[in-house]
Amino acid sequence: MLEFQPVQQRGFHNTCDENGNVNGFEFDFATPYYKGLWLTQCRFGNVIVDGETFDRDSLAFVYNGFDYSREELFDTKIYWQFREPITIRVSKPGGLALGYHDVTFQFGWVLNYNGAPEKEPDGSGLGNAQFMFGTDFSRRMLLAR
Amino acid sequence: MAKEKGHPKRGISVYSYQALLGKTMTLDDAFREMYDCGATCFELLTSYIEGYPNPSPAWVDHYWMLCDKYQLQPAELGHWAENHLHRGPGASDEEMVEQLKQDFRLANLLGFKTLRTKITCLNDLCDPEPGWQSYIEKALPWAEKYDVRMQNEVHRPTTLHTPHIREEYMAFIDRTKTKHFGFNVDFGTFQFKPADNDPMAAMWGFDDISKPEEIVEFLPYCWTCHAKFTNMDENFEETTIPYREIIGLMVDNGWSGNLLSEYEGPLAFGAINDPKAAMDLIPDQLRRHHIMLHNILGY
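Protein chains in written order, with numbering that gives the first Met the number 0: chain Y, 0 to 144; chain A, 0 to 298.
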């Protein structure tokens with residue numbers, strides 16, 4: 000079961016490399032929409048934590064145990080199942096401090112009805128569904144690990 | 000001679016519970032709720048098929064167990080004909096036909112005879128992207144093979160007199176004489192005022208709406224309709240859509256299709272801000288809606 004907000008607190012923690020050194024953090028995200036989406040129609044943006052921006056092309060997206068870059072997702076044939084979160088892994092040596100953080104994830108998708116076609120058909124934008132949900136999904140979350 | 004009265008089946012679209020599904024409610028819970036409402040048929044969206052587009056045999060077995068246990072007939076599978084799933088120009092006709100065939104096969108496997116087919120469109124009036132006739136026509140033999148009927152949804156702010164309804168969709172039916180393409184008239188097209196506190200209400204106005212009597216001409220091409228509702232009051236009346244008039248016309252004109260409750264009130268997309276209210280009120284609204292349908296239909 001998921002939490003109600005798209006940005007999930009369950010799964011929010013620092014990550015370690017194979018030597019046990021903290022090398023970043025990760026959290027789960029589920030779309031706010033009422034249906035699943037093909038990963039190729041998704042438009043993933045940056046992560047912003049307490050004002051610090053982590054570029055979308057530096058992120059790893061983990062789905063069903065596999066890591067993908069934003070670019071690699073465009074070559075998949077994967078249906079992002081309804082109410083299955085995707086994990087967003089962010090590289091940051093030392094990780095985040097324990098305590099509260101304001102986490103924003105930018106996300107959009109290409110909607111095929113109810114709106115105008117995507118303005119950036121090369122996939123560089125954030126899709127065409129902004130008019131429904133916006134693109135910045137934010138949550139104040141408590142990091143304890 | 001008066002027409003024989005219709006006998007619509009009372010059903011529910013599982014979409015009604017979408018704000019709770021996977022959060023506080025499983026698909027099994029949704030079936031239990033639908034049974035409690037007195038529904039006899041239902042709609043799934045393709046997304047609610049676990050593992051879509053390739054559900055496991057175990058999931059399919061479980062699905063049929065649910066249908067049997069809760070005495071619910073599959074009515075409609077909601078799916079999409081999406082031209083823009085990849086970067087760059089739109090899909091070819093061949094790619095679209097493959098996409099449609101995949102869903103026709105699934106509908107057939109899961110017992111659905113009707114589909115709500117969302118054709119790619121260009122604006123909020125849902126004017127279809129040019130060229131749709133080509134791939135839909137190529138998919139018709141497959142719809143016949145898998146015994147499914149595609150239905151374009153007439154959804155607010157689209158009305159039954161929006162030009163593309165007659166000039167494109169009805170013209171297509173007239174030309175091809177197909178029995179595998181028609182309309183799902185969503186009752187939101189008759190909505191004359193917003194529900195209180197509805198965050199989505201301001202998106203479209205209420206100046207141009209469908210009149211109930213307009214539905215009569217479309218009934219021969221409708222097998223399933225979305226009984227959209229936004230606000231059921233405590234006297235079991237819908238306050239924003241003229242239900243009694245619409246259903247009266249359908250019954251008097253001999254319509255015996257699937258009438259699927261579809262909740263799209265303030266909490267449909269507002270649950271994120273008020274989960275507790277959504278958990279309480281969404282199932283309550285569905286139950287109220289079915290008491291109303293029972294009162295109108297007499298069963």
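Honestly, the hints are just simulated from the structure, not real lab data. Heads up, a few of these hints could be off.
[To be verified] No farther apart than 30 Å at their CA atoms in a straight line, the calculated lysine-lysine pairs in the DSSO-like style are these: (1) A:LYS4 x Y:LYS34; (2) A:LYS112 x A:LYS2; (3) Y:LYS34 x A:LYS100; (4) A:LYS2 x Y:LYS34; (5) A:LYS100 x A:LYS8; (6) A:LYS117 x A:LYS192; (7) A:LYS2 x A:LYS100; (8) A:LYS68 x Y:LYS76; (9) A:LYS178 x Y:LYS34; (10) Y:LYS76 x A:LYS112; (11) A:LYS22 x A:LYS176; (12) A:LYS176 x Y:LYS76; (13) Y:LYS34 x Y:LYS76; (14) A:LYS275 x Y:LYS118; (15) Y:LYS118 x A:LYS112; (16) A:LYS275 x Y:LYS76; (17) Y:LYS76 x A:LYS8; (18) Y:LYS34 x A:LYS275; (19) A:LYS178 x A:LYS137; (20) Y:LYS76 x A:LYS192; (21) A:LYS2 x Y:LYS76; (22) Y:LYS76 x A:LYS4; (23) A:LYS4 x A:LYS275; (24) A:LYS8 x A:LYS210.
[Unchecked claim] Covered stretches of chain A (chain Y as the covering partner; in silico rule of three or more C-beta atoms under 8 Å from a C-beta of chain Y): (25) 60-73; (26) 160-172.
Keep in mind that this is a model prediction, so the values were computed, not measured. Note that beta-carbon positions come from the ideal geometry of N, C-alpha and C, so glycine has one too.
Comparing the hints with the structure gives:
1. A:LYS4 x Y:LYS34: Cα-Cα ~37 Å, so violated.
2. A:LYS112 x A:LYS2: holds, 25 Å
3. Y:LYS34 x A:LYS100: holds, 20 Å
4. A:LYS2 x Y:LYS34: Violated - the C-alpha atoms of LYS34 of chain Y and LYS2 of chain A are around 40 Å apart, more than 30 Å.
5. A:LYS100 x A:LYS8: holds, 27 Å
6. A:LYS117 x A:LYS192: holds, 25 Å
7. A:LYS2 x A:LYS100: This hinted pair is violated, its Cα atoms lying about 37 Å apart.
8. A:LYS68 x Y:LYS76: Distance ~35 Å between LYS68 of chain A and LYS76 of chain Y Cα, so the pair is violated.
9. A:LYS178 x Y:LYS34: The given pair, whose Cα atoms are some 28 Å apart, holds under the 30 Å limit.
10. Y:LYS76 x A:LYS112: holds, 27 Å
11. A:LYS22 x A:LYS176: Judged against 30 Å, a Cα distance of about 44 Å means the pair is violated.
12. A:LYS176 x Y:LYS76: The given pair, whose Cα atoms are some 36 Å apart, is violated under the 30 Å limit.
13. Y:LYS34 x Y:LYS76: holds, 17 Å
14. A:LYS275 x Y:LYS118: The given pair, whose Cα atoms are some 38 Å apart, is violated under the 30 Å limit.
15. Y:LYS118 x A:LYS112: The given pair, whose Cα atoms are some 37 Å apart, is violated under the 30 Å limit.
16. A:LYS275 x Y:LYS76: violated, 36 Å
17. Y:LYS76 x A:LYS8: violated, 38 Å
18. Y:LYS34 x A:LYS275: Between LYS34 of chain Y and LYS275 of chain A the Cα gap is close to 22 Å, so the pair holds against 30 Å.
19. A:LYS178 x A:LYS137: holds, 14 Å
20. Y:LYS76 x A:LYS192: Status violated; Cα separation ~42 Å.
21. A:LYS2 x Y:LYS76: Distance of about 51 Å is beyond 30 Å: violated.
22. Y:LYS76 x A:LYS4: Roughly 48 Å between the alpha carbons, so the hint for LYS76 of chain Y and LYS4 of chain A is violated.
23. A:LYS4 x A:LYS275: Violated, because 42 Å separates the two Cα atoms, which is more than 30 Å.
24. A:LYS8 x A:LYS210: holds, 23 Å
25. 60-73: As far as the segment 60-73 of chain A goes, the hint is violated, because 0 residues have Cβ atoms under 8 Å from chain Y.
26. 160-172: violated (count 0)
Consistency with the previously given hints fails for numbers 1, 4, 7, 8, 11, 12, 14, 15, 16, 17, 20, 21, 22, 23, 25 and 26, ordered from lowest to highest.
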